[in-house]
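Trainee: Below, each chain spelled out in residue letters.
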Amino acid sequence: MTQIIAVHSYKGGTGKTSLSVNLAATFAKNGKKVCIFDLDFRAPSLFAILKTPNADFWLNDYLNSTCEIDKTLIDLSSRIPGNGKFYTCLANPSTEAIRDISSKDRKWEMRALGRLLALRESMLKDMKFDYLLFDTSPGLQYSSINAIVAADFVVVATTGDRSDVDGTKRMLAELYNLFEKKTGLVLNKVLDPAVTAKKTEMQNKIKTDYQVPLLGMVPCFCEILRAEGNLIFVQDKPDHPFTKILAEMARKIEANEVN
Amino acid sequence: MIKNELTNKKPSNILEKIEATLEKLNDKVEIMIEIQKSTNNNPNNSKAPLSLPEASLDVMTLLSMPDHLRKTAMSICRCSRATAEEIAEQTKRARAVESAYLNQLVIMGYLKKERKGRKAYFFIEKEVQS
Numbered sequence: 000m001t002q003i004i005a006v007h008s009y010k011g012g013t014g015k016t017s018l019s020v021n022l023a024a025t026f027a028k029n030g031k032k033v034c035i036f037d038l039d040f041r042a043p044s045l046f047a048i049l050k051t052p053n054a055d056f057w058l059n060d061y062l063n064s065t066c067e068i069d070k071t072l073i074d075l076s077s078r079i080p081g082n083g084k085f086y087t088c089l090a091n092p093s094t095e096a097i098r099d100i101s102s103k104d105r106k107w108e109m110r111a112l113g114r115l116l117a118l119r120e121s122m123l124k125d126m127k128f129d130y131l132l133f134d135t136s137p138g139l140q141y142s143s144i145n146a147i148v149a150a151d152f153v154v155v156a157t158t159g160d161r162s163d164v165d166g167t168k169r170m171l172a173e174l175y176n177l178f179e180k181k182t183g184l185v186l187n188k189v190l191d192p193a194v195t196a197k198k199t200e201m202q203n204k205i206k207t208d209y210q211v212p213l214l215g216m217v218p219c220f221c222e223i224l225r226a227e228g229n230l231i232f233v234q235d236k237p238d239h240p241f242t243k244i245l246a247e248m249a250r251k252i253e254a255n256e257v258n
Numbered sequence: 000m001i002k003n004e005l006t007n008k009k010p011s012n013i014l015e016k017i018e019a020t021l022e023k024l025n026d027k028v029e030i031m032i033e034i035q036k037s038t039n040n041n042p043n044n045s046k047a048p049l050s051l052p053e054a055s056l057d058v059m060t061l062l063s064m065p066d067h068l069r070k071t072a073m074s075i076c077r078c079s080r081a082t083a084e085e086i087a088e089q090t091k092r093a094r095a096v097e098s099a100y101l102n103q104l105v106i107m108g109y110l111k112k113e114r115k116g117r118k119a120y121f122f123i124e125k126e127v128q129s
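As given, the protein sequences belong to chains A and B, one line each in that order.
Numbering that gives the first Met the number 0 applies: residue 0 is where the first sequence begins, and numbers increase by one.
Numbering that gives the first Met the number 0 applies: residue 0 is where the second sequence begins, and numbers increase by one.
Hints in this document: simulated from the structure, not taken from any laboratory.
Accuracy of the hints is not assured; some may be wrong.
Listed next, the in silico DMTMM-like pairs over lysine to aspartate or glutamate satisfying Cα-Cα at most 25 Å (straight line) [what the hints assert, rightly or not]: (1) A:127 - A:200; (2) A:106 - B:113; (3) A:168 - B:88; (4) A:124 - B:84; (5) B:70 - A:151; (6) B:91 - A:179; (7) A:181 - B:66; (8) A:180 - B:113; (9) A:106 - B:66; (10) A:106 - B:124; (11) B:111 - A:120; (12) A:106 - A:60; (13) A:50 - B:85; (14) B:115 - B:66; (15) A:124 - B:66; (16) A:103 - A:69; (17) A:84 - B:88; (18) B:70 - B:84; (19) A:206 - B:66; (20) B:111 - A:104; (21) B:70 - A:173; (22) B:70 - A:120.
Far from chain A by the CB rule (all over 10 Å, computed), these chain B residues [what the hints assert, rightly or not]: (23) 21; (24) 22; (25) 69; (26) 94; (27) 107; (28) 116; (29) 119.
Ideal Cβ positions, reconstructed from N, Cα and C, are used throughout, including at glycine.
Working from the sequences, and respecting the hints, build out all of it.
Mentor: Next up, the structure:
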């Protein structure tokens with residue numbers, strides 16, 4: 000059963016955060032209890048996108064064992080229509096915190112993995128969360144690999160850019176496969192509308208090229224770029240095609256149909 | 000003494016007892032083999048340590064491990080503390096196989112082992128974990 004989802008990519012700018020936020024919001028809109036985590040400790044951005052009030056405790060504090068997870072959670076449920084619950088746990092954006100986390104050694108990273116794995120007990124079992132979403136930093140970084148190891152399912156965001164395609168293929172073969180992770184690929188920012196129209200054809204092509212199933216295809220929407228990260232589409236534009244694509248991805252994950 | 004014990008019990012109990020004793024012996028032999036291997040690999044050190052110094056079981060280490068050990072190591076990361084039988088349930092491999100791999104991870108310094116009665120528990124070092 001998929002409950003912890005890591006959203007990852009080889010390169011930056013593939014739309015991980017946008018996908019994570021909107022996927023989490025979709026689950027919440029469907030009545031689920033969801034928490035989205037910012038694991039991009041070197042370039043935190045979730046606090047800006049979600050426009051959260053200042054946090055007293057950060058995910059950094061939980062991983063440093065200076066507090067328990069409940070202290071770090073910010074309840075944003077009032078922003079989502081319906082009875083679902085939407086929480087976030089943020090990475091500390093201060094320069095000092097970024098510097099601190101960059102200097103951690105392997106033993107700290109190992110403890111951090113243990114703390115992430117412990118969320119299964121504390122948040123899923125005790126606090127009854129339905130889904131935890133990890134928005135990670137791109138590439139092969141400790142925090143991202145920790146998130147992948149702790150997750151049940153990895154959503155890999157990729158674009159048609161050649162530099163991204165080759166790296167993603169390598170990462171799929173050499174990282175997710177080694178950890179035996181269930182993976183779904185999201186082809187994001189697709190420019191050619193004909194590509195998204197040929198669904199079955201693309202599904203087969205992706206499976207041949209990347210050796211993983213296709214979770215969804217997202218055309219390049221000018222409205223998303225224009226929103227400059229100010230909108231949660233699932234919440235602000237319920238009839239937008241992007242919202243519908245996200246709803247379909249959430250449905251596939253919930254129904255365990257990604258294969 | 001064992002002979003007396005065995006004559007008073009049902010055949011199934013006797014088999015269980017034999018199996019448990021064999022498992023114990025198996026564990027001990029595996030450890031002895033591993034110790035011998037590490038001694039042979041280090042000819043300059045005639046008094047080789049019983050296990051390597053404590054090593055961290057972080058994700059990069061997991062990535063560099065051979066596939067068979069990675070599977071076991073990842074399971075122990077998820078459980079924190081488990082017996083070979085509990086790990087075998089997760090990995091769907093035989094208990095004896097997991098026992099051998101877990102002991103190998105102990106020798107490599109990634110795990111600690113503790114016996115409680117007839118059960119052997121494997122765990123990641125507490126000082127490192129907490």
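Trainee: Against this structure, judge whether each hint is valid.
Mentor: Now the hints, each set against the structure:
no., hint, in the structure
1, A:127 - A:200, "violated, 39 Å"
2, A:106 - B:113, "holds, 22 Å"
3, A:168 - B:88, "violated, 32 Å"
4, A:124 - B:84, "holds, 24 Å"
5, B:70 - A:151, "holds, 15 Å"
6, B:91 - A:179, "holds, 14 Å"
7, A:181 - B:66, "holds, 17 Å"
8, A:180 - B:113, "violated, 31 Å"
9, A:106 - B:66, "holds, 22 Å"
10, A:106 - B:124, "holds, 11 Å"
11, B:111 - A:120, "holds, 23 Å"
12, A:106 - A:60, "holds, 16 Å"
13, A:50 - B:85, "violated, 44 Å"
14, B:115 - B:66, "violated, 29 Å"
15, A:124 - B:66, "violated, 30 Å"
16, A:103 - A:69, "holds, 24 Å"
17, A:84 - B:88, "violated, 34 Å"
18, B:70 - B:84, "holds, 14 Å"
19, A:206 - B:66, "holds, 24 Å"
20, B:111 - A:104, "holds, 21 Å"
21, B:70 - A:173, "holds, 15 Å"
22, B:70 - A:120, "holds, 21 Å"
23, 21, "holds, 31 Å"
24, 22, "holds, 27 Å"
25, 69, "violated, 7 Å"
26, 94, "holds, 20 Å"
27, 107, "holds, 14 Å"
28, 116, "holds, 26 Å"
29, 119, "holds, 21 Å"
Consistency note: the structure conflicts with the earlier hints numbered 1, 3, 8, 13, 14, 15, 17 and 25.
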